[in-house]
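Working from the sequences, and respecting the hints, build out all of it.
Every letter in the sequence shown is one number past the one before it in the numbering used here, and letter 207, counting from 1, is 207.
I should point out that these hints are in silico values taken from the structure, not numbers from a laboratory. Please note that a few of the clues may not be correct.
Unchecked claim - Straight-line C-alpha distance at most 30 Å; calculated DSBU-like pairs for lysine-lysine:
id, residue 1, residue 2
1, Lys204, Lys273
2, Lys112, Lys213
3, Lys166, Lys204
4, Lys166, Lys111
5, Lys112, Lys36
6, Lys112, Lys182
7, Lys54, Lys112
8, Lys273, Lys177
9, Lys273, Lys166
10, Lys112, Lys181
11, Lys177, Lys111
12, Lys213, Lys166
13, Lys275, Lys112
14, Lys273, Lys181
15, Lys166, Lys64
16, Lys273, Lys213
Said to hold, decoys possible - Simulated DEER-style distance windows between Cβ atoms:
id, residue 1, residue 2, range
17, Asp248, Leu59, 41 to 47 Å
18, Ser35, Thr252, 21 to 27 Å
19, Phe62, Val147, 26 to 32 Å
Cβ atoms here follow ideal geometry from the backbone N, Cα and C, with glycine treated the same way.
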Amino acid sequence: MIDEIVDNLVRIKQNFAKNYDGNAHIQEVIPLNSSKEFSIDEQDLAQLHTFAQKNPIYLNSFEKNILDIPCMVYEGDINDYWLNSIKHGSSCQPFYPTWIMSAYVMSLVAKKLGYLELVDIGSGDGRIAYCGKILDFDSHSIEIDDVLVNLQNTICSQTNQNFNPKCEDALEFEYSKLNLKKPVFFIGGLAQMGGDILATSIIKKINSITNLKMNTGIVFAGSDTKRQLSGNLSNGGWSSLIEENQLDVIDTVSLPTVWTFDQNVETPYIFTKFK
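Below is the structure:
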């Protein structure tokens with residue numbers, strides 16, 4: 001089921017991007033209904049639309065049939081949030097979100113793998129943590145930028161979904177306070193843009209908590225575009241860190257993101273666990 005959703009989401013994104021004639025800063029698509037192409041729980045799907053409708057970064061929406069699938073297109077602007085997010089010295093990447101549908105699919109994969117808690121590191125507007133919450137994870141959202149955390153708090157209030165936003169430096173945060181049992185960590189940041197520093201710090205924190213390591217998953221956002229990578233393309237640029245920290249790759253899912261909208265390749269998300 002998940003593979004079919006991924007394939008159809010990528011098909012819709014590529015067709016939409018090829019034919020898009022708008023001028024919005026960001027744009028993304030969510031199917032209007034559950035269907036054989038998108039076999040998604042109707043309540044979950046409604047919650048994804050609610051996230052977009054209650055999120056101030058989206059300024060416009062309209063219905064559009066894409067490959068004969070009724071969809072809602074959401075257009076928005078993240079410039080002000082992007083500018084604010086780069087002012088922090090330890091920030092590993094400016095605010096550039098994945099698609100809402102992609103966040104949902106990633107959370108579905110994590111649920112299928114049996115994780116109980118979801119920790120979204122460098123969480124932006126909290127969309128991955130939100131998707132974790134609607135899928136019954138114990139969600140936590142760690143974000144250094146106060147403006148983005150205020151945005152997350154607004155979304156929590158407007159959607160009645162509390163995914164526990166925390167305005168914290170992920171490099172310094174004490175994860176033992178979360179009482180994690182079987183968590184999956186999503187690392188916000190490409191390896192070559194400082195994500196490797198963030199990931200290394202998180203792994204050290206995981207190692208410092210007794211008996212947590214063997215029950216923990218880590219998901220990395222990769223890149224398949226050579227212009228963004230100075231070195232190894234394997235595992236989306238994360239191969240060195242994966243080897244150094246004795247991680248096993250258990251799945252890779254390529255999904256649409258804001259930063260690959262104009263590209264023929266999607267963003268690979270690499271799911272790993274400790275050996």
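Consistency of the hints with the structure:
For a cut-off of 30 Å, the pair hint linking Lys204 to Lys273 stands: about 14 Å separates their Cα positions. Distance hint between Lys112 and Lys213 is fulfilled; the C-alpha atoms sit about 19 Å from each other, no more than 30 Å. Our distance criterion of 30 Å between C-alpha atoms is met by Lys166 and Lys204, whose separation comes to about 20 Å. Note on Lys166 and Lys111: the hinted pairing holds, with a Cα-Cα distance of about 23 Å set against a maximum of 30 Å.
Of the pairs offered as hints, the one joining Lys112 and Lys36 holds, with about 20 Å between alpha carbons and a cut-off of 30 Å not exceeded. For the given pair, Lys112 sits about 13 Å from Lys182 by alpha-carbon distance, which is consistent with the 30 Å threshold. About 28 Å separates the Cα atoms of Lys54 and Lys112, which keeps this hinted pair within 30 Å; it holds. As the CA atoms of Lys273 and Lys177 are separated by approximately 22 Å, the hinted pair is consistent with the 30 Å bound.
Of the pairs offered as hints, the one joining Lys273 and Lys166 holds, with about 25 Å between alpha carbons and a cut-off of 30 Å not exceeded. Restraint check: the Cα-Cα separation between Lys112 and Lys181 comes to about 16 Å, which is no more than 30 Å; the hinted pair holds. Our distance criterion of 30 Å between C-alpha atoms is met by Lys177 and Lys111, whose separation comes to about 22 Å. Distance check on the hinted pair: Lys213 and Lys166 sit about 23 Å apart at the alpha-carbon level, within 30 Å; holds.
Only pairs whose Cα atoms come within 30 Å are accepted, and Lys275 paired with Lys112 is accepted, the gap being roughly 19 Å. A C-alpha spacing of about 14 Å is found between Lys273 and Lys181, which places the hinted pair at or below 30 Å, so the restraint holds. A distance of roughly 36 Å separates the Cα atoms of Lys166 and Lys64; the hinted pair therefore is violated under the 30 Å criterion. The straight-line distance between the Cα atoms of Lys273 and Lys213 is roughly 9 Å, inside the 30 Å bound, and the hint therefore holds.
Judged by the Cβ atoms, the range 41 to 47 Å given for Asp248 and Leu59 holds: they are separated by roughly 42 Å. Taken as a hint, the range 21 to 27 Å holds for the pair Ser35 and Thr252, whose Cβ atoms sit roughly 26 Å apart. With their beta carbons about 28 Å apart, Phe62 and Val147 fall inside the hinted range of 26 to 32 Å.
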